[in-house]
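The listed protein sequences correspond, in order, to chains A and B. With the numbering used here as the guide, the letters of the first sequence map in order to residues 112 to 554. With the numbering used here as the guide, the letters of the second sequence map in order to residues 112 to 554.
To be clear, the hints were calculated from the coordinates, so they are not data collected in a lab. Any given hint could be a false lead.
No distinction is drawn between identical chains; accordingly, a pair holds when it is met within one copy or between any pair of copies.
[Claimed, not checked] DSS-like mimics (lysine-lysine), calculated; alpha carbons at most 25 Å apart, straight line:
no.	residue 1	residue 2
1	Lys164	Lys207
2	Lys207	Lys549
3	Lys171	Lys265
4	Lys404	Lys317
5	Lys265	Lys140
6	Lys201	Lys171
7	Lys404	Lys316
8	Lys201	Lys549
9	Lys171	Lys394
10	Lys429	Lys383
2 protein chains.
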Amino acid sequence: MRVRNPRTGEYDFEFQECSPETIRSTARKLSANQIAWYRSGIANRIAVIQEWKQVLISRKELLAGALAEDTGRSWETTAEVEWVINSMDKWCLVAKNFYDQHNEWIPYPIVTVLSPWNFPLVLSMIDTLPALLSGAAVMVKPSEVTPRHVMVLKETIDLVPGLNEILCITPGTPAAGAIIADTSSLICFTGSMASARKVLQAASKKMTPVLFNLGAKDPAIVLSSANLEMAATAIVKGSTTNAGQSCLSFERIYVHASVHDALVDLLVAKSKALQLADTHLLKGEIGPIIFEKQVLTINTHLEDAFASGATLLTGSRKCEQINGGYYCKPTVLVNVTQNMLVMQQETFGPIMPVMAYDQLDEMIEMVNSSAYALGAAVFAGTEEEALAVAQRINAGSVSINEAALKAILHYGDSVSFNWSGVGGLRIGPENFSRFVKKKYFHF
Amino acid sequence: MRVRNPRTGEYDFEFQECSPETIRSTARKLSANQIAWYRSGIANRIAVIQEWKQVLISRKELLAGALAEDTGRSWETTAEVEWVINSMDKWCLVAKNFYDQHNEWIPYPIVTVLSPWNFPLVLSMIDTLPALLSGAAVMVKPSEVTPRHVMVLKETIDLVPGLNEILCITPGTPAAGAIIADTSSLICFTGSMASARKVLQAASKKMTPVLFNLGAKDPAIVLSSANLEMAATAIVKGSTTNAGQSCLSFERIYVHASVHDALVDLLVAKSKALQLADTHLLKGEIGPIIFEKQVLTINTHLEDAFASGATLLTGSRKCEQINGGYYCKPTVLVNVTQNMLVMQQETFGPIMPVMAYDQLDEMIEMVNSSAYALGAAVFAGTEEEALAVAQRINAGSVSINEAALKAILHYGDSVSFNWSGVGGLRIGPENFSRFVKKKYFHF
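Chain A extracted, bound-state conformation:
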């Protein structure tokens, strides 16, 4: 398979997708080895993960370099690598506590992880690490859009004795994913609704359970009492990190009418201060749109908004092609209405559509009417005032006076609402309960 470079538009990388036969024979091998891995105990599994951590640290620059080529962006890449390495200690500690309490729980033998291209390393490891620690063998299929870093990751796996006997990572298309899923006893899927439906159809053949982490349309809610400077900083950061290609991005901003203009002025100023990293990876904050097809979605949402009366205050009227890559500037829209695509569907770009509200109840109804409900943030003068609103928002995780705290703090059990996710707690100590089945003995 030939792979496009998001900065140049050139197909400058190639990899060989696994054949169905190889996938099936690998699954058989993993399945045979899983029993010993589970029986080896939690202390041994933690030791193996810790050894892997040391190898990853020693190859950190190689990994980050390949991941930067995959994604075309810089600081988010470094953050991703650090996040994953740090998460290994966290998961080991949580796993120890969990299994000390629940030693009769039994893991699904083979867990399949199907992961996306937007945070390719974090979003494959977020399921792989706890699944491995649970005693499962794991087959990971990262997106075919960002396969370069996977080659480095494979090398690190081969350097840890025994690890490649229970962990296989191989990039591929959704078709390869379907075959991998077919060999699995539990599927973890992170990606789009369209792909999710296909996975579910495939899984229904064997009634294989699937844990879904799907799209999002997270709102930022700014009450009249909010510190606007602080809110604007958080919103611009929350909307533009990874050029908006994040499930935790703010994709719609609801602000009380009395402070609408003041907030918008701040959003515009802060957006203008951010530069595209179009000439050099390390120059500027906003990287390219990683997946070419996403450009069409962003453009369609923008076009629809303008056709229905939205006004562009700063940013891009459509994605701009520069040196072969596609870029979208931090974009602030006003005069938006709830029925626009940009307020309804996942855009996955650095777009801030801002809508004024008068009545709190009406605003909360609009917020809760979304098909998605992953996270949200509320900005207010006091934490108490913010919490009172947060309690009425249908979303698994609500940040108070900050953006995407879930990703930074990474604790607290929560479950996505509506279409954002199905099946269990992904962040927080209860994560492990997703990978095991509980057994009870009746006397």
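Assemble chain B onto chain A, guided by the hints.
What follows is chain B alone, placed relative to chain A:
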């Protein structure tokens, strides 16, 4: 819809299935009322369930009478009605404890319960009661095979002020179930794998989560040290209750070769002591096969077993038609092999295929090779010896020296393995976590 009577074979009952329009407008009504139901608090919800309990007690005989006509059997009917009434106190107590601890959890607004014909009352109420207590509105679609008792149940609901605003129960075909499921935010399904696949396909349109309770092929394992008299009593009871039409039935018996003949003699003697209740509902222990199509499955499994060398020691070579109903005597088979249908697929009849084993490891491998893994039982001379084997069985619930303790004791969180179930703990205090989503506030 005309409905067959399982004792006479006559179509002596009729009911009107809800139209798709009625279903959709009912769902809208329930959805609108659910918010107030949830906000009314756990104390109020418990009070409503307690009031319903009093109404049910006052109509107990009517309900049991209709349910006996639905199912054609007597003592299991009384037990079902008692079980459901008693479970109301239990769920109220558990709900109080659960919501005192988890007051930030938010229910799915509309829960759909699709329930089967084998224990029609228990298996609709087992999901409905905790869902209601969680603050959800509930639409129940019991099987169209056993609708008579539903009419009585509807009357009891109408007698409790407010209850019919958040609870609707209407029997219907799988087609009606698909429409009900389409209006739902969470689906609880109990039934066959074939129907489950259809539900999952329908649910995948809106990615509605589905909790499945599917088939089973529970083994009884008898070690050489077991008290054979006690084991035989439990096995015959566990295999023949409800004429074997139970997901908790023993459907395969593994016994150590040294005690095979002695156990088989006891099984035959105890089976012969049970009478068909073919002439009168209250005369004899074994009722009819409730669902006509199930007769074909039982006959196919028996035919296949005999064609492959199984020997009938007592019971029916095939289901017998008596006075219009179909009956199967408690049936003991020997010379069975693991590859026979009767050892592989769910039979749902009072059949005990007995297989001798020499090596413990080989037996456990056979036990765990099943596509199903709901429960199991181990019989041994000491609880320690039984537990050592139980720990190696892949099943959510293992009874020690008894049959189906899960149904009787009804505590202990467990999860079904393999095809027997997907999605959460049904019995035990964690049941409630199935109906709510957890939310976390990050400061």
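Now for the hints, and whether the structure bears them out:
no. : hint              : verdict
1   : Lys164 <-> Lys207 : within (17 Å within a copy, 44 Å between copies)
2   : Lys207 <-> Lys549 : both (17 Å within a copy, 23 Å between copies)
3   : Lys171 <-> Lys265 : within (13 Å within a copy, 65 Å between copies)
4   : Lys404 <-> Lys317 : between (32 Å within a copy, 23 Å between copies)
5   : Lys265 <-> Lys140 : within (17 Å within a copy, 55 Å between copies)
6   : Lys201 <-> Lys171 : within (18 Å within a copy, 55 Å between copies)
7   : Lys404 <-> Lys316 : between (30 Å within a copy, 23 Å between copies)
8   : Lys201 <-> Lys549 : both (23 Å within a copy, 21 Å between copies)
9   : Lys171 <-> Lys394 : within (21 Å within a copy, 77 Å between copies)
10  : Lys429 <-> Lys383 : within (16 Å within a copy, 81 Å between copies)
Every hint from the earlier list agrees with this structure, and none is contradicted.
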